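Quick note, the sequences are listed as chains A and B, same order. Counting from 2, one number per residue, gives the positions in the first sequence under this note's numbering. Counting from 2, one number per residue, gives the positions in the second sequence under this note's numbering.
Think of the hints as simulated: they come from the structure by calculation, not from any bench. Be aware that a few hints might be false.
Residues of chain B clear of chain A, computed beta-carbon distances all greater than 12 Å [what the hints assert, rightly or not]:
| # | residue |
| --- | --- |
| 1 | Ala12 |
| 2 | Tyr169 |
| 3 | Glu309 |
As a list, the in silico DSBU-like pairs of lysine-lysine whose alpha-carbon atoms are at most 30 Å apart [to be verified]:
| # | chain 1 | residue 1 | chain 2 | residue 2 |
| --- | --- | --- | --- | --- |
| 4 | B | Lys319 | B | Lys287 |
| 5 | B | Lys330 | B | Lys212 |
| 6 | A | Lys30 | A | Lys156 |
| 7 | B | Lys287 | A | Lys194 |
| 8 | A | Lys194 | A | Lys31 |
| 9 | A | Lys194 | A | Lys212 |
| 10 | A | Lys287 | B | Lys29 |
| 11 | A | Lys287 | B | Lys330 |
| 12 | A | Lys61 | B | Lys287 |
| 13 | A | Lys319 | A | Lys31 |
| 14 | A | Lys30 | A | Lys61 |
| 15 | A | Lys330 | A | Lys287 |
| 16 | A | Lys61 | A | Lys330 |
| 17 | B | Lys287 | A | Lys287 |
| 18 | B | Lys181 | B | Lys156 |
| 19 | A | Lys330 | B | Lys61 |
| 20 | B | Lys156 | B | Lys287 |
| 21 | A | Lys234 | B | Lys287 |
| 22 | B | Lys319 | A | Lys234 |
| 23 | B | Lys319 | A | Lys287 |
| 24 | A | Lys330 | B | Lys287 |
| 25 | B | Lys319 | B | Lys61 |
The following label-pair restraints were derived from C-beta to C-beta distances [unchecked claim]:
| # | chain 1 | residue 1 | chain 2 | residue 2 | range |
| --- | --- | --- | --- | --- | --- |
| 26 | A | Ala240 | B | Asp158 | 51 to 61 Å |
| 27 | A | Glu321 | B | Ser192 | 46 to 56 Å |
| 28 | A | Thr112 | B | Ser192 | 42 to 52 Å |
| 29 | B | Arg270 | A | Gly245 | 23 to 33 Å |
| 30 | B | Ser59 | A | Arg302 | 40 to 50 Å |
| 31 | B | Glu34 | A | Thr112 | 23 to 33 Å |
| 32 | B | Glu324 | A | Gly245 | 21 to 31 Å |
| 33 | A | Gln38 | B | Ser59 | 48 to 58 Å |
| 34 | A | Arg302 | B | Gln241 | 45 to 55 Å |
| 35 | B | Gly28 | A | Thr112 | 23 to 33 Å |
| 36 | B | Asp166 | A | Glu321 | 36 to 46 Å |
| 37 | B | Asp158 | A | Glu274 | 54 to 64 Å |
| 38 | A | Val326 | B | Gly101 | 53 to 63 Å |
| 39 | A | Gly48 | B | Asp313 | 53 to 63 Å |
Because the structure is a prediction, the values reported are computed rather than measured. Built from N, CA and C at the ideal position, the CB exists for glycine as well.
Number of protein chains: 2
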Amino acid sequence: MKERYTIRDVAALAGVSNATVSYVLSGKKKISEETRQRVLKVIEETGFVPDLNARGLSGKDTRLIGVVIPQTEPGSKLMFHNTFYSQLLGSIEFATRRRGYHVLISATDMTQDYLNLIRERNLAGVIIVGTYESRFWDRLRELEVPVVLVDSYCKNDWFHAIRIDDEYACFCETDYVIRKGHRRVAFASGSIKEDGVMQKRYNGYRRALTKNGIDCSDAFLFEDVVSYESGVKIAERIAQTDTGITAVVATADILAVGLMSGFYRQGIRVPEEISVIGFDGLEESKYTTPGLTTMQQPISRKGERAVELLLDNIGDPKMERVEEVLEVKLVERDSVRTAEST
Amino acid sequence: MKERYTIRDVAALAGVSNATVSYVLSGKKKISEETRQRVLKVIEETGFVPDLNARGLSGKDTRLIGVVIPQTEPGSKLMFHNTFYSQLLGSIEFATRRRGYHVLISATDMTQDYLNLIRERNLAGVIIVGTYESRFWDRLRELEVPVVLVDSYCKNDWFHAIRIDDEYACFCETDYVIRKGHRRVAFASGSIKEDGVMQKRYNGYRRALTKNGIDCSDAFLFEDVVSYESGVKIAERIAQTDTGITAVVATADILAVGLMSGFYRQGIRVPEEISVIGFDGLEESKYTTPGLTTMQQPISRKGERAVELLLDNIGDPKMERVEEVLEVKLVERDSVRTAEST
DNA sequence: TTCAATCGGTTAACCGTTTCACTTATATTA
DNA sequence: TAATATAAGTGAAACGGTTAACCGATTGAA
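Full structure from sequences and hints, please.
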């Protein structure tokens with residue numbers, strides 16, 4: 002029981018050639034029911050488990066897919082603090098395992114290192130989360146490995162993509178806040194220059210302002226990295242201005258949570274004195290005090306679809322590119338207050 | 002550039018045998034500096050990357066380690082909602098990659114399926130997070146693969162283990178609450194029967210009560226699964242009792258966050274009317290309103306040490322078992338109030 | 001009756017490494 | 001000077017699968 006049986010051991014015990022065992026396993030060739038049963042029985046008895054590395058070496062598919070979670074700040078494990086990523090990862094892992102594939106994770110950027118990893122491990126496919134401007138897109142493409150981008154605004158339409166309509170989502174959200182009577186609405190986000198997603202959301206925000214005849218001033222824009230702590234800092238900055246801001250649209254729930262915490266520490270009450278709206282719909286947004294109104298995106302669905310797309314492409318290398326836009330949903334809780342229109 | 006160079010291609014281009022290239026790469030044999038440089042140059046030019054699957058097949062070490070994150074409820078991805086796990090995973094991934102290994106994740110229990118995975122992929126080692134009573138420990142042991150258990154109270158001392166002193170930590174925490182003047186202290190936790198960690202913490206809690214001459218009544222014990230939602234439910238249950246509870250010790254930050262949210266919804270103010278103390282020291286506990294006082298455990302350190310231990314063992318299969326107990330630290334924030342002693 | 005197709009299975013090459021055993025040339029020692 | 005050691009490199013056999021090509025025995029059709 003301790004030792005490792007190879008396909009040849011099984012073959013010997015079943016009195017057939019190793020090829021036969023292989024065919025029984027893969028079903029790629031017809032084997033008589035009798036022999037089949039005999040082989041299966043031996044496999045059962047020996048507890049034989051085929052070696053996927055050997056399989057990958059010989060055949061084509063390693064049944065290993067890579068997931069890249071971006072690392073915004075070098076050396077930080079930031080991405081694992083935002084449950085957006087962990088939830089996404091969880092759904093990817095789940096969908097992947099159900100299909101008999103395995104997930105190799107890397108919290109890294111798309112660099113030469115990662116390209117090497119793809120080849121070192123012969124990854125069957127790759128899911129890349131987040132937006133970068135990477136100088137490596139073309140090299141990645143040269144590898145000719147199936148790729149699905151999640152939440153990325155990559156210029157060239159080379160890879161499959163799953164995302165939401167960030168611009169529209171943020172437009173709706175901002176419009177919602179304005180309809181609640183707020184006219185002085187701040188925008189708290191990650192870096193707009195560097196992050197395509199943030200940029201789209203910012204555009205949505207501005208469009209909503211414009212549509213409602215509100216000037217958008219730079220004084221209402223608060224950029225930082227996406228983190229709890231940034232939220233706190235932005236809250237402080239907002240508290241110090243005298244622009245009469247009554248609501249702030251955050252581009253991430255963790256920013257919003259940070260904002261609420263920051264306001265709380267300043268003695269500014271949410272939503273009585275200032276309203277906050279988030280983005281993502283993380284589970285924890287349900288349990289803040291007050292509950293966070295937020296634009297909920299289908300995080301798990303993103304992961305599932307990414308996996309499905311990727312595996313489809315692995316099965317059919319000639320598959321044409323797919324771009325999928327998922328739906329979002331505003332969930333109203335208690336962090337936005339109806340303001341008396343001035 | 003598009004094609005894949007093998008070690009033999011490199012060898013041919015450098016005018017040496019493939020064995021030489023292999024030795025240059027591994028350094029397991031002396032190769033003249035001149036030849037070495039020539040080989041290295043070709044590798045550089047061709048962009049040759051060795052195939053780790055082939056390497057694993059031939060040699061011993063696949064440089065792949067498996068991380069098992071438990072799945073408390075079947076079909077749920079719960080574990081990816083609790084940032085305790087994602088932070089741990091992040092630190093494991095980071096430490097692992099720095100050492101040239103890769104991480105295969107599985108959100109699953111330790112079942113036959115996972116044992117198969119270990120063999121299918123020839124995992125070099127495995128890190129198992131969380132506590133189970135698994136019927137598969139002995140089979141896992143038979144596989145003779147290095148294993149590090151994190152936060153597990155496995156009866157048999159077969160595997161390396163990293164943990165904190167849960168009993169003592171919870172003792173301190175409870176004692177702290179009592180010293181703050183609370184005498185009627187509830188305990189909110191996951192299943193004490195099924196989860197060794199919870200059990201230890203419960204023991205610590207009871208010991209602190211006893212030490213302070215307080216009876217521990219079952220009426221003060223609130224068990225459920227570890228989740229935000231459980232926290233809310235427990236808060237409701239507490240609100241309905243008339244046992245005069247003034248503080249609650251939670252065995253997880255997410256439980257504590259749920260509790261605070263639950264109390265808030267009931268109109269019970271934290272900490273004015275009831276105090277809450279958490280466990281874990283997740284980043285988000287800094288940003289709750291009020292800030293959560295909690296017992297902080299060195300989550301990232303746990304991950305790092307687990308990886309170090311595992312890789313040490315991989316390097317030295319005869320290494321003797323190590324059990325490491327890490328330090329915790331109480332971090333005081335604003336969710337516990339000094340009660341006037343009655 | 002004969003030829004071709006089909007069925008069930010085998011043989012052996014191959015995937016890309018590592019590594020053991022061996023060679024050759026040079027340096028060292030007795 | 002003969003014997004031995006060492007250094008640098010080579011050849012080829014694994015590792016554990018897959019799969020193309022082949023083969024003998026039936027079966028079916030002409």
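Of the hints given before, which are not true for this structure? 4, 6, 8, 10, 12, 16, 18, 19, 20, 22, 23, 32, 33, 34, 36, 38 and 39
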